[in-house]
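Visitor: Sequence:
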Amino acid sequence: MRAAAINVRPFPMALSETPADPGAAARAAFIAPETRFVELRAPLPLELGGELPGVRVAYRSWGRLAPAGDNAVVVCHALTGSADADRWWTGMFGPGRALDPEQDFIVCSNILGSCYGTTGPVSLDPATGRPWLGDFPLVTIRDMVRAQRELLRALGVTRVRLVVGGSLGGMQVLEWALTFPELVEAIAPIATSARHSAWAIGLSEAQRQAIYADPRWRGGRYDLADPPAGGLSAARTMAMCTYRHKGSFEERFGRRLQAAGLFAMESYLRYQGRQFVERFDAASYVALTRAMDTHDVARGRGDFDEVLRSVRCPALVVSIDSDVLYLPEEQEEIARGIPGARLLRLASRDGHDAFLIDVDWLSGAVAEFRGRAPARRAPIRSPSRPAVEGGERPEVSLFVLGKGKVGGELLDQIARQLPTLERDYDVALRVVGLADRRRTLVDEGGVDLARWRELLAAAPETGPFGPATARPALERLARAALPVLVDVTAADGMEQVYAEAFRRGVHVVGANKRPLVVPWGAREALVAGRRQAHRHWRYETTVGASLPVLDTLRGLVRAGDRVRRVEGSLSGTLGFVTSELTKGFPLSLVVRWARELGHTEEDPRDDLSGLDAARKAVILARELGVAAEVADVAVEPLVPREALPGGSLQELYEGLRRHDAGFAARCAALRDRGLVLRYVARLDLSGDRPALSVGPVEVPASHRAASLQGVEAYVAFTTDRHADLPLLVQGAGVGGALTAGGLLSEIFEVAAGHGAR
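Numbering (the UniProt record's numbering), first residue to last: 1 to 757.
Quick caveat, the hints were computed from the structure, so don't treat them as lab data.
Not one of these hints is a red herring.
Within a straight-line C-alpha distance of at most 25 Å, the following computed SDA-like cross-link-like pairs (lysine to any residue) qualify: (1) LYS246 to GLU329; (2) LYS583 to HIS659; (3) LYS583 to ASP660; (4) LYS405 to ASP448.
Label-pair ranges, simulated between beta-carbon atoms: (5) VAL630 to GLN258: 33 to 41 Å; (6) SER707 to GLY521: 36 to 44 Å; (7) ALA634 to GLY662: 21 to 29 Å.
Only a predicted model underlies this, so the values are computations on that prediction, with no experimental measurement involved.
Using N, Cα and C, we set each Cβ at its ideal position, and we do this for glycine too.
Construct the complete structure from the given sequences, taking the supplied hints into account.
Guide: Written as structure tokens, this is what we have:
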């Protein structure tokens, strides 16, 4: 094979050349901006026949290549991992660790057939100009390794000190030793096999059958805008059961109920399935599981035992005693076969996933194998003793802006639920910063959430957290593991803070509507900055608190449905106000109640004037690609504008009191006519131009809005496929606890996908 072209390009340039793929943007958020590419000049010959043209390999590197090119370490990722080894194997990196960028030139590439930058099923077939999808040729582990070899050739690598990886990564490790023995000095295959067993093949096939059974699979020629998400989600839930051990699930979930009629174990699997379809592709999953099924180091090489005996480099083989996917006997077979191989067994309740969880132990073992003193070596765990030192979860570092009803509730929820959240979702949450209107508190070691109010009150005064003051805090946040800025303020100008956060590699989760309704051009620039930085910006709670309004809308669009009309009572605040007015309570008293219960915006005038509902309508319209501005919304306030004077809340209540009698008479007259007062937003896309409006309406008892109680909200989507019976999302639309819960869910959405399987 001819050498690859040394054509190294940054990720944004490469992304611009990928085909139209609605899932590409979501997957891009899981690819670090440091990702680079090498394109092979010649087609890649495939082991089982044919060749693959136009191969591109996505990779990350750490450290410097020695002038002689002889200090490389190759890290091989598992089934649905990416080249971002510093994300999913963080504890393996650093001085005294298994992988030391001060001494090693560490390379990890996305494997052939994946969907994180290297050529795979979502790439364009040069012959047709369309994505390969299910027509992608059958590739093998050896093909993956040969593509990686061409990458190293392009980078100038002459010797590989170590090849290390777990699971599918371990299969690549073995193939490196057998395919390029002249290059590899040592190997460390972890939790893997030398040939895929009938058991593992059966598990792979069961998962593929789930994908094939999804009618959207369409024989592998599906629409990328309408992928077989249900089948892929089901495949993922099956796989998750093989990544752990019965004891681990019993310890974490047992028979605990997450909600009425829903076991915690069921909730966990459904969550994992939902998150997975946002970041992975079905045809890629099929291609990679088929590649694993072909894995047999002896294929075409002769007797199995003789092939293992032909490995001449030192080998550290790591086994996990509770692994039900690749059983310990399979690693014992490898260690027996390779001359002089060393076998280590990790005692763990965590099953196959222990190679991603017990990273301290694993790093120490590999560092010791390499003749380096480990930075810290946790003891091998007994299956009956849970890990403390040995276990490692991916960390998420939060900086929370705002301590009001929602912000305070979010911090309290995290404090109350932290052990359960970390156990159920395998994520270590750490609040490293807090800010309110006057003070900013930063603690990289983690704020003590039992004392957060006291600590923030004692922090130095810095003024409001905004464009002029945010940079120092963002600099510190950006250095933390998986940094997330959580904005629960209602401040103006935060779009500038978000832009700076994205530039520094910080994700954003927000309940603040204002950055979403800045002028269209400014919003598009902000979105472009997020995409260029490959960061997440989650804002589901801006429209429906904990209701999945935006996710439902995005799902309709992804499925290729055309949205014709959106109608809803978007404001739980005004739902509460109109419900209480209907019961005969005075307007001024109802608004006071709403404010005291935390149901209103910081300034209730934003709700009563219709401004808050108008902002939500604009957010929905922009999700559909409509370049709408708040000024484009026809707004009729709930109360006359003269009843909303500026000034203090007391002045507001006094102004409303003058309208108490008028509203009481209006609501009484409506009751006599069998009508109910509600505040409704409408977005009509059926005409030549989109029409947006918000205002009070008088609806009959049969109307869906009439049955709303308290802070209930609803949104009805009328589409081509939901023309006769609109798709309805309904539930509580306001509340500190609900919004905080929604924010917490979105934080986990950001964290999802940074694993390595």
